[in-house]
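Asker: Modelling step: build the complete structure from the supplied sequences, incorporating the hints.
Each chain, written out:
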Amino acid sequence: MKGWTGKILWVDLSRKSFSVQSYDAKLALDYVGGRGFAARILWDHAPAGVDPLSPENLLIVAAGPLTGLPGPSTGKLVVASKSPLTHGYGDGNIGTRAAVEMRKAGYDAVVVRGRAEKPVYLYVEDGKAELLSAEELWGLDTFTTQRRLEEVHGREAGILLIGPAGERKVAYATVISQEGRSGGRVGIGAVMGSKNLKAIVFKGSSEPEVADKEALRRLAADAYREIKRKPAYAFWMRQGTMMTIQWSQENSVLPTYNFSEGVFEESSSIDGFAMEKLKVKQRGCPNCNMTCGNCILDDEGAVSELDYENVAMLGSNLGIGDLRKVARLNRLADMWGVDTINLGAALSYAAELSQRKLISERIEWGDFDAMLRLAEDIVEKRGLGAVLSEGLREASAKLGGADFAMHVKGLSISAYDCHAAPAMALSYGVSPIGAHHKDAWIISWEVAHGRFEYSKKKVERVVELQRIRGGLFETLVACRLPWVEVGLELDWYVRLFNAATGLSWALSDHVRVADRIYSLIRAFWVREYAAEGRGWSRLLDYPPAKWFKEPLTKGPLKGARLDPLKYDEMLGYYYSIRGWDFRGVPRETTLDSLGLSDVKDELKKYIQLAS
Amino acid sequence: MRVVYLGYLSDLAGVREEEVILPDPRASPVRSVISPRVLSLGEGAILILVNGMPASPNSTVKPGDTIKVLPHVGGG
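Heads up: the protein sequence lines correspond to chains A and B, in order. Following my numbering, the numbering of the first sequence begins with 1 at its first residue and continues without gaps. Following my numbering, the numbering of the second sequence begins with 1 at its first residue and continues without gaps.
Hints should not be assumed to be uniformly reliable.
As a list, the in silico DSS-like pairs of lysine-lysine whose alpha-carbon atoms are at most 27 Å apart [as the list claims (entries may be wrong)]: (1) A/Lys398 with A/Lys549; (2) A/Lys213 with A/Lys26; (3) B/Lys62 with A/Lys558; (4) A/Lys118 with A/Lys128; (5) B/Lys62 with A/Lys554; (6) A/Lys2 with A/Lys128.
Partial selection, computed: residues in chain B whose CB lies under 7 Å from chain A [said to hold, decoys possible]: (7) Leu6; (8) Met53; (9) Leu70; (10) His72.
In short, the hints are calculated from the structure, not lab data. All values derive from a computational prediction rather than experimental measurement. All C-beta atoms, glycine included, are put in the ideal place defined by N, C-alpha and C.
Answerer: The structure is reproduced here in structure tokens:
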């Protein structure tokens, strides 16, 4: 195989043992890499119904055949596990030197099981692996830990690590790299913490063998040039994803006051232009020529790397209109290793609980000090913070307010209000990890194509986007932003893949892989929920009740809300495209046609399947 | 009436915001007052809002309206 290293490193922390799997071509051809590898490995090797924080759960770090190779924004990897937040399939991607170094060290993926007796970190260099003591690192924030490990292993080392939130198993602790690159908002950091695994450090000196090195080099150089020629490029380099604050405000989708409104009175204080005035530097991922990590100094004078999601969730959604204060919350979340989106959603949910007098604590919109104290309590697991650290689904079961606990399957909604965006609501509903925007960010297309309509065309577009964003990019593994933000054509990625692997795939071949992965991931959710006794229902694919029950009260779209019957019709059509039954469970014929007959046989042990 | 260009469209238009006079004050189409360079990107590349509500290049506008022209963004 060219393009892939063909090797997966397996690590058992309980036994302090390592093994190298030389996997066969079928895994590569059926699943490509990244999310595909993670989903298949979890299905095959995680015991059904496994406790996500038990030693038996798997932590998977997976690259794809483009990771680390020449090409736009290929410095990314996927971290995955059974999620302690959702109890279903969970993953996230991170742009990091660790992606490049893991491949140079000789591996396409690393799978970790077991639990170390004492805190350790995994060190991998050129085909060798060892466990080193992390006792002196335990308790340190992610920025300090990064620097300590760089002092030992060099600044060129690729490092994935957790902070105090992961160590304390906050259900939405993330994996952090390079002081602000964060991924795995479904609680992958908590999985690492449960294993007493503080970090993974990669160093390598070999390059993955590719089919046509010269063609790949030329193609990559041309693609980089093409990105710079796009009309959106210059503005993107100024604002990156921060430009979306203004866009969302204008389109009444900026999450405000716990997703009660789509416009924020102080949006211009936290938007891309406000950020530009404060910007001190810009940083990004390896192999990227459209770096999007815009850094400002927060109100304590420390560097904070901003993007749209964290500013919206910790800014407008909390009623905070001071960008430097938002930046402090963001920077602290990164240092603690906790997801900014879930954190923002937990804080705004608590504020709404307070204002409805369902809790005794007083939390007003825009009260930065109260929000900061509660955020610290979440990470320290104190009082109300301890309940919120379990995630919105668990917290609302104890505290009430399920209608305004803004999550799907336990994962909090990311930063787009959907009172007047039914297809985006569907996208959140059927995302393979719980509510997240990365698989099918349809809202821009939706606004331009009849935003108030509930149509088959919209559902078809959600599926199309899932196949590309959640399939192609999550398996290659490469960043989707050159395509989605400046318009680099998809054909570039197909050609880069073919040059690396020597295959002659068309986009439709990648689509078939994506469909296989989506049904496999759905099968995983159904198996795990059945094995845990949670059961499976169509209602799990519904967005929060607030969007159906409580209309917008401000802005040009005042009065807008979702229609539950029409949403349900769209959901049914989505299932029919996917070949899933009325419950959202893959049909026997669907699994057979996707080459998942073995998955079908296993799934039938837990739930009756429609033919 | 006011035309506002957001995101990189302000680079293309050469202005973030401008006051324009409608060719026909009774019923002019949106396309008649938008920067030709922005329009040349094609309908699929831009979003148009008139007074905050979704519109198209063929929608009609009147004096006092505000047109906002937005790029499609990918949303991270």
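Asker: For every hint, state whether the structure bears it out.
Answerer: Each hint tested on the structure:
{"no.": "1", "hint": "A/Lys398 with A/Lys549", "result": "22 Å, holds"}
{"no.": "2", "hint": "A/Lys213 with A/Lys26", "result": "23 Å, holds"}
{"no.": "3", "hint": "B/Lys62 with A/Lys558", "result": "23 Å, holds"}
{"no.": "4", "hint": "A/Lys118 with A/Lys128", "result": "21 Å, holds"}
{"no.": "5", "hint": "B/Lys62 with A/Lys554", "result": "24 Å, holds"}
{"no.": "6", "hint": "A/Lys2 with A/Lys128", "result": "22 Å, holds"}
{"no.": "7", "hint": "Leu6", "result": "6 Å, holds"}
{"no.": "8", "hint": "Met53", "result": "6 Å, holds"}
{"no.": "9", "hint": "Leu70", "result": "6 Å, holds"}
{"no.": "10", "hint": "His72", "result": "5 Å, holds"}
The earlier numbered hints are all upheld by this structure, with none contradicted.
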